[in-house]
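Trainee: Sequence:
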Amino acid sequence: MLASALNRGERSRLNEASDGHVFGWDVVGVVERAGTDSTLTPGERVLALSLPGGGWAELVSVRQADVSRVPVAVSTAEAATIPVAGLTALRAVRTCPNLLGATVLVIGGGAVASYAIQLAVLAGARVIALVRSAEAAQRVRDLGAHEVLSGASPVRASCDLVVDTVGGSATQVAVGACRPFGRVVIVGNLGDASAGLAPSDLVSAGCLVQGYRLVVDATAAPVGADLGNLINWVSEGRIRTAPVQEMNWRDSARIAEALAGRMGNDRAVLRMAED
1 MLASALNRGE RSRLNEASDG HVFGWDVVGV VERAGTDSTL TPGERVLALS
51 LPGGGWAELV SVRQADVSRV PVAVSTAEAA TIPVAGLTAL RAVRTCPNLL
101 GATVLVIGGG AVASYAIQLA VLAGARVIAL VRSAEAAQRV RDLGAHEVLS
151 GASPVRASCD LVVDTVGGSA TQVAVGACRP FGRVVIVGNL GDASAGLAPS
201 DLVSAGCLVQ GYRLVVDATA APVGADLGNL INWVSEGRIR TAPVQEMNWR
251 DSARIAEALA GRMGNDRAVL RMAED
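Position 198 of the sequence shown, counted from 1, bears residue number 198 in UniProt numbering, the numbering being contiguous throughout.
Hints may be right or wrong, so weigh each one.
Said to hold, decoys possible - Estimated spans, in silico, between C-beta atoms of each pair:
hint, residue 1, residue 2, range
1, Glu-58, Ala-225, 19 to 29 Å
2, Ala-198, Leu-40, 47 to 57 Å
3, Ala-221, Gly-261, 24 to 34 Å
4, Leu-197, Val-31, 43 to 53 Å
5, Gly-261, Arg-240, 15 to 25 Å
No lab work stands behind these hints, which were simulated from the structure alone.
Note that the coordinates shown come from a computational prediction; the quantities given were computed from them, not determined experimentally.
Backbone N, C-alpha and C fix where the C-beta goes; we use that ideal spot for every residue, glycine too.
I would like the entire structure built from these sequences, with the hints used as guidance.
Mentor: See below:
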């Protein structure tokens, strides 16, 4: 193993984990040994999603179907930030079968939202981003969002797809902004849930509301091909990864800071070994 990104979901589960459990869903490493039916060879640099975890270790075993080669142009640290955030965004955006000319609202300014904005733009959609701060507004504008709303600004567009990376009360905004027979995909659960949606609200909106969890989806639908697309788009400069702060696995002070969520908009990447 070379590197693994630290995800918010892993941070939130640390206190509940049993002794000996190894986290780490995002995996970048060098092939040590490949299966008999694999096209990979020892020494190749690869990217993978490790569904049970295990990436915060020197060795990890993953399904061949969840692996993709890493192009030379993409650094190990960049690649490590792709699987969980990139796949969640890609598969959420893909729920809308034709994005060419569609209007897409992305709520939130984190890693998943950043990928969702770029992927929707890449697919030909008009993208509206709804974020909380002026700093986030500038960041998503730089990623290609056609319209940026912040704070309590109302969403006046009728959207074909809404990707809600916040959840809670933000889902009310998502449902209110979606056109009849459009789709709301909820991938976040960090929002204030004090103001919930009543069934009558969903009936009135007339849209399809779908919750999404990558770990459930990826168990049935392997992610290797999607990882290959994502990392090739990064290699070609068509989408960008988040800024990275790398740290050695022995650097307990920096790791504690990362686990506390104090990296700002940067992604923390834990290095287990050098290239």
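Trainee: Please list, smallest to largest, the hint numbers that this structure does not respect.
Mentor: Failing hints: none at all.
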